[in-house]
Amino acid sequence: MAAKLILSMDGVVLKEYPLSKERLMIGRKAQNDIVIDNLAVSGEHAAVITILHDSFLEDLDSTNGLEVNGVSTKKHFLQNNDVIEIGKYKLKYVNDQASQLSAADFEKTMILRTPAKQAADEKKVQPENRVNGAEKTGQFKSDPRLQPAIKAQPEVQTAVQPVQRPVAVQILTGPNAGKELELVKNLTTLGKPGVQVAVLTRRPQGYFITHVEGANHPVVNGKALGDQPHQLNDHDVIELAGVKMEFYYKG
Amino acid sequence: MKIENALEIVSLTNSGMVRSHNEDSVAHEVACGLVVLADGMGGYNAGEVASGIAISVIATEVNQRLVCASPTDRVDGEELGVALLRENIQRANASIYHAAQSQPQYAGMGTTIVTGLFYDNRVVVGHVGDSRMYRLRGELLEAITRDHSLLQEQIDGGLISVEDARNSRNKNLVTRAVGIDPEVTSEIHVHAVRVGDIYLLCSDGLNDMVNDEDIQSALYGMQGNLPLAAEQLVQMANDNGGRDNVSVILVKIKGEFAMRHGWRTRLLDWFKQ
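The listed protein sequences derive, respectively, from chains Z and S.
Numbering that gives the first Met the number 0 applies: residue 0 is where the first sequence begins, and numbers increase by one.
Numbering that gives the first Met the number 0 applies: residue 0 is where the second sequence begins, and numbers increase by one.
I should point out that these hints are in silico values taken from the structure, not numbers from a laboratory.
C-beta: ideal position from N, C-alpha, C; glycine also.
Take these hints with a grain of salt, some might be off.
[Claimed, not checked] Within a straight-line C-alpha distance of at most 27 Å, the following computed DSS-like cross-link-like pairs (lysine-lysine) qualify:
hint	chain 1	residue 1	chain 2	residue 2
1	Z	Lys178	Z	Lys191
2	S	Lys251	Z	Lys20
3	S	Lys253	Z	Lys191
4	Z	Lys28	Z	Lys89
5	Z	Lys3	Z	Lys74
6	Z	Lys20	Z	Lys87
7	S	Lys251	Z	Lys184
8	Z	Lys89	Z	Lys14
9	Z	Lys20	Z	Lys3
[Stated by the list, open to error] Covered stretches of chain S, as calculated for chain Z (at least 3 residues, CB under 8 Å):
hint	segment
10	54 to 62
11	163 to 169
12	173 to 185
13	244 to 257
[Unchecked claim] A few chain S residues that face chain Z, going by a derived Cβ cut-off under 7 Å, partial list only:
hint	residue
14	Met40
15	Leu149
16	Asn224
17	Asp238
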């Protein structure tokens, strides 16, 4: 199931357009794929370029421009449920392929071959699996469900579900006593390279301290750690390279 | 310094949180300064077979040739070290291709590859597909390979920005792989290395799940403990969902390993062994 654009005006759906072509034209003139007969719309207003599972919107130097989700734009990488506004008309981009595939089908790496190369190969070797009439793709499995093998939508940023509460370490002893270090990164290094180093890492289940290098291991609440990561609790006192510090959740 | 003393190498491979089996393969031969990582593709166990063939062909052949030859020898106008990677990626390609042609259950299998051969204060890097090599120099982490993928072509063509590329649904399409066609074009580059550099070879199971900033902070913060750094990288990929197999090889440059040139010094070295 390909992605599609849903044309509407004043909340009334007018028509759906599947994104089945590589270049879909939007404009006032009759030869466009999506014809919007309104004087605010340029003859050739915009194009949607679709490459496999990704679609891009491009303004074709239209007089009145384009807005996506309320922001005016010249070029935009379309994401599911984006709303394109052209004058009074709205085009909603819907690409819910991710929900139609099982997790096991996600992210199977596949090879994309150039047409020229494939044509040459077909002379030399047996024909490739051709699936869904996609000319450019030779793929490994003949399972047709694999053809729209898109990845699960949430990527690096959203896949991380770290502990949301902000945490900090406050130095208790030494020349920097009283200083607070808020832990904003997923991995924070403490100590001096070559002398004693430990890292604080943010994981889905909480914060951990791990000994990295040095003859002495960090001490938490008076107990020396081993080589394994140690989960930290609120108000734990860490001792590292002679400096004591307190780990705590803020707010 | 002898190469085995100049390099510290750690490798780790993990099937991740979703996949039932591991189609990645890794190998290293510290005596000749070789590291190889492959990410196989294909149904059933064909992916493991393809990446396994690639690793063993390259590791065995390069190792054997370097027993009685120096990677700095000239062969047909280029260095043996460069020729060895190119020839053996080709040889791995032929082996996988023939296995796929002769056994129906392996039809269409293939693999990505990234390999490094360290000698004479340099590294020759060969790759096909979307397995990567990164270099941490000082605080700066840089990818020194460029993926052979649709997405990379779109980035190069200006169609999509690097930031948008993270949200692309076309991440899993490689434009080159080993074992798919009778011939393969590998990309080979030579880089000068510096003492203190850390090289990271990884399958896309790492860089799809963990962003470059987190890879950088793990490598930089844990450079004093390479096995822990490798574990940390794999753990971060798995904590973020671990949707693919994840493999890493880390190479730390602990000292210079310039080769002495000329037959006289080489003969002396040979006697010293």
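Quick check: do three or more residues in the segment 244 to 257 of chain S have a beta carbon closer than 8 Å to a beta carbon of chain Z? violated (count 0)
Does S/Asn224 pass the interface hint, meaning its C-beta sits closer than 7 Å to a C-beta of chain Z? This hint holds: S/Asn224 lies near chain Z, its Cβ roughly 5 Å from the closest one there, short of 7 Å.
Between the alpha carbons of Z/Lys89 and Z/Lys14, is the straight-line distance 27 Å or under? holds (11 Å)
Distance restraint between S/Lys251 and Z/Lys184, which requires alpha-carbon spacing of 27 Å or less: Between S/Lys251 and Z/Lys184 the Cα gap is close to 24 Å, so the pair holds against 27 Å.
Does S/Asp238 hold up as a contact with chain Z if the rule is Cβ-Cβ below 7 Å? At 5 Å from the nearest chain Z Cβ, S/Asp238 passes the 7 Å test, so the hint holds.
Verdict on chain Z covering the segment 54 to 62 of chain S, criterion of 3 CB contacts below 8 Å: violated (count 0)
Keeping to a limit of 27 Å between CA atoms, is the pair of Z/Lys20 and Z/Lys3 held or broken? At roughly 11 Å apart (the allowed maximum being 27 Å), Z/Lys3 and Z/Lys20 satisfy the hint.
Starting from S/Lys251, check that the Cα of Z/Lys20 is at most 27 Å away, please. Violated. S/Lys251 to Z/Lys20 sits at ~49 Å, over the 27 Å cutoff.
For the hint on S/Met40, does the least C-beta distance to chain Z fall short of 7 Å? holds (5 Å)
Satisfaction of hint between Z/Lys74 and Z/Lys3, Cα-Cα up to 27 Å: Holds, at roughly 18 Å.
Between Z/Lys20 and Z/Lys87, does the CA-CA distance stay at or below 27 Å? holds (25 Å)
Using 7 Å as the Cβ threshold, decide whether S/Leu149 counts as touching chain Z. Holds. Min distance 5 Å.
Hint compliance for this structure: hints 2, 10, 13 are not met, and every other hint is.
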